[in-house]
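Student: Each chain, written out:
There are 2 protein chains.
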Amino acid sequence: MNINYNTDGTLPPDAFRITGGETVTIASADGAGALYGKLALEEKIKLGADAKTLDITSVPAAKNRILNHWDNMDGTVERGYAGGSLFFKNGDFAWDPKRIEEYAKMLAAVGINGISINNVNLRDDSRRLITEERLPQLAELAAAFRPYHVRLIIAVDFAAPKTVGGLPTADSFDDGVIAWWRETAARVYAHIPDLMGFLVKADSEFQAGPAALGRTQADGANVLAAALAPHGGTVFWRCFVYDCLQDWRDTKTDRPKAAYEHFFPLDGAFAENVVLQIKIGPVDFQVNEPVSPLLGALTKTRRAIEFQVTQEYTGQQIDLYAHAVPWTRALKTLVRPGQTLAQTRADTVVGVSNVGNDANWTGNPLALANLYTFGKLAWDPTLGAEEILRDWATLTFGNDAAVTGTITEMLLQSHDVFAKYTAPLGIGWMVQPGHHYGVNVDGYEYMKWGTYHRAAHDALGVDRTSRGTNLTAQYPPEIAAVYENTDTCPQDLLLFFHRLPYSFRLKNGATLIQHIYDTHFEGVEDVRRFIATWETLEPRLQPQLFAVVAERFGRQLENAVEWRDQINTYFHRLTGIPDEKGRKIYD
Amino acid sequence: MNINYNTDGTLPPDAFRITGGETVTIASADGAGALYGKLALEEKIKLGADAKTLDITSVPAAKNRILNHWDNMDGTVERGYAGGSLFFKNGDFAWDPKRIEEYAKMLAAVGINGISINNVNLRDDSRRLITEERLPQLAELAAAFRPYHVRLIIAVDFAAPKTVGGLPTADSFDDGVIAWWRETAARVYAHIPDLMGFLVKADSEFQAGPAALGRTQADGANVLAAALAPHGGTVFWRCFVYDCLQDWRDTKTDRPKAAYEHFFPLDGAFAENVVLQIKIGPVDFQVNEPVSPLLGALTKTRRAIEFQVTQEYTGQQIDLYAHAVPWTRALKTLVRPGQTLAQTRADTVVGVSNVGNDANWTGNPLALANLYTFGKLAWDPTLGAEEILRDWATLTFGNDAAVTGTITEMLLQSHDVFAKYTAPLGIGWMVQPGHHYGVNVDGYEYMKWGTYHRAAHDALGVDRTSRGTNLTAQYPPEIAAVYENTDTCPQDLLLFFHRLPYSFRLKNGATLIQHIYDTHFEGVEDVRRFIATWETLEPRLQPQLFAVVAERFGRQLENAVEWRDQINTYFHRLTGIPDEKGRKIYD
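Sequence order for the protein chains is A and B. Taking this note's numbering, the leading residue of the first sequence gets 140, the next gets one more, and so forth. Taking this note's numbering, the leading residue of the second sequence gets 140, the next gets one more, and so forth.
Keep in mind that a hint or two might mislead.
One copy or two, it doesn't matter: identical chains are merged, so the pair holds either way.
[Said to hold, decoys possible] Distance condition first, Cα-Cα at most 20 Å in a straight line; then the derived SDA-like pairs of lysine to any residue:
#1 Lys183 x Leu193
#2 Lys723 x Arg388
#3 Lys646 x Ala365
#4 Lys587 x His574
#5 Lys191 x His401
#6 Lys723 x Arg593
#7 Lys587 x Glu701
#8 Lys177 x Phe643
#9 Lys587 x Asp704
#10 Lys723 x Asp389
#11 Lys723 x Glu701
#12 Lys587 x Gly648
#13 Lys391 x Ala233
#14 Lys244 x Thr675
#15 Lys587 x Asp726
#16 Lys439 x Gly315
#17 Lys471 x Lys515
In case anyone wonders, no lab produced these hints; they're calculated from the structure.
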């Protein structure tokens with residue numbers, strides 16, 4: 140197949156047009172578009188398209204499509220479930236150039252054009268990546284990614300003027316601090332002229348920030364932005380700011396309200412090259428959460444939607460879990476009157492990486508679907524879960540329809556299955572503290588993280604409506620009204636927004652308590668069905684692939700059984716209400 | 140004062156007689172008795188006795204009065220709350236000879252004549268203390284203790300023939316293993332001829348043991364005993380054997396039954412120089428537990444009563460807690476028909492040490508009372524809590540009656556205060572997993588350690604009577620009958636032995652739930668009273684001593700408040716029953 144590359148200055152950056160024929164023409168305005176066009180062509184052909192008849196124009200919805208690695212320089216990965224870091228080991232850089240090239244190509248193939256490599260929780264020497272001692276190596280890494288149009292981002296410590304620069308303060312209003320950031324940006328860009336920017340987790344979970352110095356988040360972000368502006372760099376400023384030392388006795392403070400409360404009043408106060416990076420849900424990547432109200436509310440500030448590709452609360456690449464279903468659902472959710480999240484057109488989309496140095500990248504090879512899904516939705520947030528997952532399965536397992544169909548179907552079901560056996564109806568957080576795998580109903584109930592279910596003998600959940608903490612008021616009235624009313628609130632979010640008695644009737648006629656029992660018994664059976672289904676594929680799969688996934692399904696079943704039994708026992712002890720169907724609930 | 144030392148061969152080992160006069164005469168059969176007599180004389184004089192009129196004959200009730208250190212060779216102390224190890228640091232021996240001499244003298248002053256220095260949970264190099272590379276230094280340490288008649292004990296790995304000796308097995312029936320232990324004993328005694336013996340935690344919490352090889356505990360212990368016998372050494376064999384991988388769904392297995400089940404059938408099967416070392420309670424050093432049934436049941440085997448001097452579950456030397464009250468209560472408890480625990484005359488008494496390299500030995504200086512109490516009760520188990528604590532306070536703070544009286548009174552109350560605000564009525568275990576400080580009602584409820592309260596909306600506790608797990612059958616019928624009946628069961632143990640509805644009426648007329656609320660509110664007020672009382676002593680105490688204890692009281696108050704609120708909220712949520720007195724219980 141011959142390919143002819145054309146320049147078409149009318150196309151936006153990164154976009155491409157593929158025109159089929161004996162010679163396929165790929166038109167773009169830039170080199171990135173040409174690369175994306177070529178990779179898209181290869182993908183289409185693998186998926187069975189006829190090169191002769193192709194006619195595709197593809198424009199990315201978001202300008203910045205970014206992965207954040209939470210890699211520590213000791214080689215560990217925070218919330219990583221796929222081995223160690225691709226970049227660091229024992230306090231220093233350590234990468235395999237061949238592996239990095241494969242990785243860069245993989246990222247380009249799904250349209251990702253930016254990555255931060257170091258953890259937003261800055262520790263020890265990771266603060267010093269912006270110094271002369273570290274920049275030459277970082278520049279080498281940037282060079283390795285450059286052919287694939289993937290640009291580096293550095294996570295920086297807001298207090299770097301003190302912790303790295305040795306200044307007496309990191310106050311954004313201090314001339315020395317302003318100058319220090321300006322010099323630092325110049326130094327960094329001298330080594331990496333196409334650096335995408337700095338990523339900052341400020342005033343969050345013990346990371347430094349402007350609030351401690353009496354400054355606003357905008358004051359803090361804008362000083363970094365001013366330093367980066369001459370170099371075309373961007374500040375990605377995370378909005379994950381909340382009181383992580385809350386008292387469980389305090390029922391007024393409500394953690395999901397925090398990001399909006401901190402950032403909405405500052406809408407419009409941020410510099411042009413600041414992007415506010417907002418988690419997709421208002422709490423923290425739980426199995427079911429509403430879309431963060433801040434994502435719809437900001438209209439005068441650039442926004443990034445942050446997804447968590449790595450499965451922190453969603454099975455840790457042991458349990459099967461495809462993000463495609465909840466992410467597409469979120470993107471199709473109304474966040475402004477008449478406008479879905481996808482339609483608000485955030486110019487940046489960020490995913491927290493799920494890859495590590497495991498040979499198969501993601502520990503569970505089926506988890507690679509999530510990286511693919513992230514890239515595809517960053518480029519085109521209107522795609523459907525089924526088409527994304529089917530394409531991924533086909534690209535990964537080839538054209539055996541039995542295999543791809545079966546795997547696609549399992550992936551499509553995986554979120555609902557996981558949701559069935561874990562915390563019910565959007566309440567979240569009934570996990571083991573710290574590592575977040577497995578059940579512990581009261582694990583976070585009396586801790587300082589602001590994550591409470593307040594289950595009592597008569598009712599369960601936190602009332603976040605206007606009768607309660609009034610989180611709903613952070614949404615436009617039309618949308619708030621949907622969440623306010625138990626008749627219209629999506630069932631998956633019922634216990635996120637409402638405190639309900641166990642006798643509450645769901646749409647299907649079951650009481651709340653019966654629903655808890657039913658879903659927990661069903662979830663385990665669903666996992667058993669996954670296992671049986673997977674076993675039918677054994678003759679059609681590579682033995683090692685089959686075995687790796689089968690082993691994980693075995694652990695998923697143990698996990699689901701433990702969730703089922705602890706949740707059912709907990710609520711049975713609490714309510715004394717028996718299962719209508721008389722199934723085994725332990726005393 | 141002139142002292143005249145006499146030899147009196149009719150006195151038993153370690154015993155002494157003090158006869159007052161212008162010259163005081165101390166008679167004993169051995170050097171240890173002379174030392175104990177001299178130290179006792181000094182103590183009596185400090186306590187205000189008139190040397191002229193003294194006439195004391197003192198014979199220790201137990202032959203072996205031992206402290207077990209749980210010190211690791213990295214310098215940490217398992218369950219230590221007073222700094223690092225006195226003996227180890229960074230994987231090697233490291234001690235201050237002056238400190239060791241002070242310590243040895245302190246031990247002799249309370250009659251302790253044996254110490255093991257390394258943790259019963261053997262890790263890494265601590266297994267190799269029995270090798271030529273470590274024995275020379277260990278012998279130096281033994282020499283440092285020798286002038287004070289304190290003999291060393293070594294905690295050894297049951298699997299040492301494998302892990303240290305390189306043999307293919309540690310099976311007690313293997314000739315190579317038998318020979319290896321014999322050679323090892325000879326080697327150790329060549330360096331330390333007066334070693335008291337070996338201490339073994341076998342088949343317990345992942346330590347190796349004979350059971351895994353299909354042998355009995357007696358098979359295992361007797362091989363070591365045969366090796367030590369020619370040298371006069373003793374095997375101290377811990378009975379802390381239970382299923383630490385229990386499934387919470389399993390209501391048949393009951394952890395407090397385990398020690399009896401494992402060891403009672405072997406009564407009489409152990410060699411003469413084996414001592415079975417049995418924790419005072421059948422679970423694990425909780426605030427209120429019954430006396431272990433095994434302590435009364437064994438009649439053909441030597442027994443050691445094991446106390447935990449260090450405050451693992453009892454406030455970690457932050458909260459004020461004098462063991463004197465519960466220990467004296469336990470020693471006065473009937474364990475055989477007509478016979479108290481003290482009257483059964485165990486020939487060995489063991490305490491798990493509470494000292495570390497903190498300047499004041501125990502972190503909280505008031506915790507030193509517990510080491511004193513341990514020594515005094517090991518020597519004479521019929522002493523009363525008040526006389527022990529008053530003597531300690533007088534020896535420590537001098538003859539200011541306001542100070543000693545106040546401190547004695549606080550110490551006497553401390554156990555009951557701690558019991559009030561922690562887990563109610565002997566149920567135990569509502570602590571933070573792992574470190575065991577602070578409240579977590581369900582912290583152990585779904586774990587594998589066999590420690591469950593099974594609190595439900597209608598009732599609380601595990602029925603351990605003949606209607607339940609039948610732990611009571613491990614006691615003689617007369618004693619079992621006391622525990623079986625809620626009318627006669629000591630109130631402190633009510634929820635240890637019984638599962639009761641919240642409406643159950645206690646002796647004072649309060650319901651069970653009201654008692655929980657009342658004691659938890661009272662416990663906090665009691666701590667506030669401690670603080671106020673302590674403040675009255677400020678003018679009479681050294682400023683640093685005052686401040687160190689005051690700081691700990693501050694933390695105790697925080698701890699008590701957290702216990703009160705979490706316990707009250709947990710049970711209020713669970714039962715829906717309000718506090719009759721309308722005090723604040725958080726939702």
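Student: Each hint: holds or not?
Tutor: Hints, one by one, checked against the model:
1. Lys183 x Leu193: Answer is within: at 9 Å inside a copy they meet the 20 Å cutoff, but 104 Å across does not.
2. Lys723 x Arg388: between (35 Å within a copy, 11 Å between copies)
3. Lys646 x Ala365: neither (53 Å within a copy, 74 Å between copies)
4. Lys587 x His574: Result: close both inside a copy and across copies, 16 Å intra and 18 Å inter.
5. Lys191 x His401: neither (54 Å within a copy, 79 Å between copies)
6. Lys723 x Arg593: between (25 Å within a copy, 17 Å between copies)
7. Lys587 x Glu701: between (25 Å within a copy, 12 Å between copies)
8. Lys177 x Phe643: neither (55 Å within a copy, 77 Å between copies)
9. Lys587 x Asp704: between (26 Å within a copy, 14 Å between copies)
10. Lys723 x Asp389: between (37 Å within a copy, 13 Å between copies)
11. Lys723 x Glu701: For Lys723 and Glu701, only the intra-copy Cα distance (13 Å) is at most 20 Å; the inter-copy one is 35 Å.
12. Lys587 x Gly648: Answer is neither: 37 Å inside a copy and 37 Å across each miss the 20 Å cutoff.
13. Lys391 x Ala233: neither (47 Å within a copy, 53 Å between copies)
14. Lys244 x Thr675: Neither, since 33 Å and 74 Å both go past 20 Å.
15. Lys587 x Asp726: between (30 Å within a copy, 16 Å between copies)
16. Lys439 x Gly315: Classified as neither: same-chain Cα gap 30 Å, cross-chain 81 Å, threshold 20 Å.
17. Lys471 x Lys515: within (15 Å within a copy, 75 Å between copies)
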